[in-house]
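Chemist: Just so you know, the protein sequences line up as chains A and B, in that order.
Take 6 as the starting number for the first sequence in the numbering used here and just add one per residue.
Take 49 as the starting number for the second sequence in the numbering used here and just add one per residue.
Just so you know, the hints here were simulated from the structure itself, not pulled from any lab data.
Hints are supplied without guarantee of correctness; some may be wrong.
Claimed, not checked - The list that follows gives simulated cross-link-like pairs (lysine-lysine, DSBU-like), each with its CA atoms no further than 35 Å apart:
(1) B:K58 x A:K39
(2) B:K59 x B:K88
(3) B:K104 x A:K122
(4) B:K50 x B:K88
(5) B:K112 x B:K50
(6) B:K52 x B:K112
(7) B:K50 x A:K122
(8) B:K104 x B:K59
(9) A:K39 x B:K50
(10) A:K122 x B:K59
(11) B:K104 x B:K88
(12) B:K104 x B:K52
(13) B:K88 x A:K39
(14) B:K50 x B:K67
(15) A:K122 x B:K67
(16) B:K52 x A:K122
(17) A:K39 x B:K67
(18) B:K112 x B:K58
(19) B:K104 x B:K50
One letter stands for each residue in the lines below.
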Amino acid sequence: MHFAILQFPASNCDQDAVHAIRVLGHSAELVWHKDTSLGAAEAVIVPGGFSYGDYLRTGAIARFSPVMQAVRRFAAEGGLVLGICNGFQILCEAGLLPGALIRNRSLQFRCEHVHLKTATRDSPFTRRIPPDTLLRIPVAHGEGCYYADAPTLARLRAQDQILWQYCTADGVLEDYASPNGSVEGIAGICNERRNVAGLMPHPERACEPLVGSTDGRWILESMIP
Amino acid sequence: MKAKIIITPKKAVLDPQGKTVQQALEHMGYRDIQAVHVGKYLEIELAGSDREAARKAMEEASHKFLSNPVIEDYQLVIE
């Protein structure tokens with residue numbers, strides 16, 4: 006499977022994403038933000054970082070990049086798009102995912118491993134995660150507090166669009182288990198059509214024993230048919 | 049002409065920055081502070097003299113780009 010990994014000025018997890026996909030035995034290429042085509046990509050990853058210096062709001066400028074118009078078309082045709090960290094923020098700003106990500110409740114930049122509960126395995130991003138298995142994956146962000154208004158949240162719940170929630174090491178959903186204060190402990194969601202997803206944790210940083218966890222593989226491998 | 053745009057977090061949205069500034073002000077001894085909201089201020093210098101056209105364009109820009117209507121409100125003044 007061939008992945009396009011987008012590259013904006015100040016993306017900084019783009020190389021990690023390419024590496025992770027190659028570790029999984031698949032191919033990946035970087036696609037520059039000024040490119041208007043995704044080439045032969047069969048899936049897209051919008052990586053983490055601080056695109057355009059986080060100016061104005063996180064992800065606010067990146068969404069106007071030429072490459073994002075190509076991503077919009079790709080998603081409209083049903084292609085799989087995964088936004089990680091800043092990529093999640095970009096997809097929300099672009100309107101490809103509902104809601105927004107705001108400053109962590111603690112005001113701290115949080116850089117640590119967290120535990121995630123998979124809320125549904127019914128998505129191309131979660132289907133290979135073994136049932137009842139918690140994921141231990143790193144986060145590194147200052148603005149990862151997911152917010153959506155009450156009607157949007159109700160729709161997310163009703164349509165089973167919440168994919169991951171922060172939990173304790175025992176799998177309990179507790180406020181203190183969340184690094185950012187997200188509503189309902191939301192760590193990641195998908196769109197109604199279930200082909201676009203975003204999450205704040207970094208699965209690409211958890212694909213080899215050397216880096217302390219291989220749980221991120223379940224997420225990336227779910228995307229592979 | 050100038051467009052002045054004040055962007056603030058929506059009341060329903062958590063504003064940890066505002067809360068922290070409020071606590072600091074209280075710590076300094078300032079009393080009777082009910083709430084603090086931290087936002088952004090933009091000044092946009094405009095050529096031309098058609099105020100209505102400028103207002104229309106800046107309203108659109110504020111709604112579509114300068115603010116995020118999911119989490120922020122804005123006030124626009126054309127001077």
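Chemist: Straight-line Cα separation of B:K59 and B:K88 no greater than 35 Å?
Modeler: The given pair, whose Cα atoms are some 15 Å apart, holds under the 35 Å limit.
Chemist: For the pair supplied as a hint, B:K52 and B:K112, confirm whether the alpha-carbon distance does not exceed 35 Å.
Modeler: 16 Å, holds
Chemist: Under the criterion that the straight-line Cα-Cα distance not exceed 35 Å, is the pair B:K88, A:K39 satisfied?
Modeler: Within the cut-off at roughly 29 Å; holds.
Chemist: Keeping to a limit of 35 Å between CA atoms, is the pair of B:K104 and A:K122 held or broken?
Modeler: Status violated; Cα separation ~46 Å.
Chemist: Can you confirm whether the C-alpha distance between A:K39 and B:K50 stays at or below 35 Å?
Modeler: 31 Å, holds
Chemist: Taking only the CA atoms, is the gap from A:K39 to B:K67 under or equal to 35 Å?
Modeler: 40 Å, violated
Chemist: CA of A:K122 to CA of B:K59, is that 35 Å or under?
Modeler: At roughly 30 Å apart (the allowed maximum being 35 Å), B:K59 and A:K122 satisfy the hint.
Chemist: Check the hint pairing B:K50 with B:K67 against an upper bound of 35 Å on the C-alpha distance.
Modeler: Roughly 31 Å between the alpha carbons, so the hint for B:K50 and B:K67 holds.
Chemist: For a C-alpha distance cap of 35 Å, please report whether B:K104 and B:K52 respect it.
Modeler: 13 Å, holds
Chemist: Hinted pair, alpha-carbon criterion (35 Å max): B:K52, A:K122. Please report holds or violated.
Modeler: 45 Å, violated
Chemist: Are the Cα atoms of B:K50 and A:K122 separated by 35 Å or less?
Modeler: 50 Å, violated
Chemist: Are the Cα atoms of B:K104 and B:K88 separated by 35 Å or less?
Modeler: Distance of about 21 Å is within 35 Å: holds.
In the structure shown, a violation is registered for the earlier hints numbered 3, 7, 16, 17, in ascending order.
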